[in-house]
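J.: Sequence:
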Amino acid sequence: MYSVIRAKRKERGLTQKELATLVGCSQTHISDAENSIYGLSTDLAEKISSVLNIEKETLLYPNKGTGITNSALFKLNKEKREQRRNQRSCVIQKNNADRRLNG
1400 MYSVIRAKRK ERGLTQKELA TLVGCSQTHI SDAENSIYGL STDLAEKISS
1450 VLNIEKETLL YPNKGTGITN SALFKLNKEK REQRRNQRSC VIQKNNADRR
1500 LNG
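For the sequence shown, this note's numbering assigns the number 1400 to the initial residue and increments by one for each residue that follows.
It cannot be assumed that every hint is accurate.
As the list claims (entries may be wrong) - Below, a list of computed lysine-lysine pairs in the DSSO-like style, where the Cα atoms sit at most 27 Å apart:
1) K1455 to K1407
2) K1409 to K1477
3) K1493 to K1477
4) K1455 to K1416
5) K1477 to K1407
6) K1479 to K1407
7) K1416 to K1477
8) K1455 to K1479
9) K1493 to K1446
10) K1446 to K1407
11) K1477 to K1455
12) K1409 to K1446
13) K1493 to K1479
14) K1455 to K1493
15) K1409 to K1479
16) K1455 to K1474
17) K1493 to K1416
Claimed, not checked - Here are the in silico distance ranges between beta carbons for each label pair:
18) A1496 to E1454: 46 to 54 Å
19) E1417 to S1488: 20 to 28 Å
20) G1502 to K1455: 54 to 62 Å
Worth flagging that the hints you see were computed from the coordinates, not collected in a lab.
Since the model is a prediction, treat every value here as computed from it, not as a measurement.
Where a beta carbon is used, it is the ideal one built from N, C-alpha and C, also for glycine.
With these hints in hand, go ahead and build the complete structure from the sequences.
T.: Structure below.
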């Protein structure tokens, strides 16, 4: 949803931490926004749009005109987060099993 933030940030040669410093938030907040975990406040959208030269409305209404409802988007993002958790869990279980075998 907010891949435009990532693309414009990289285009400007900024790290997430540098952008966060410029707009007055945490690097985690920028990461969460880029990964569509949370929406942006009007204030933060305004600051990011100013730094990255993006229309504020693009950040506030990223799915406008796409036919995707907010509830559908929320569901997709929730499923995406759950998949990531499951993948991490599988890696942890595999590492634990490897440790037991190699004990």
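J.: If any of the earlier hints don't hold here, list their numbers in rising order.
T.: 9, 14, 17 and 19
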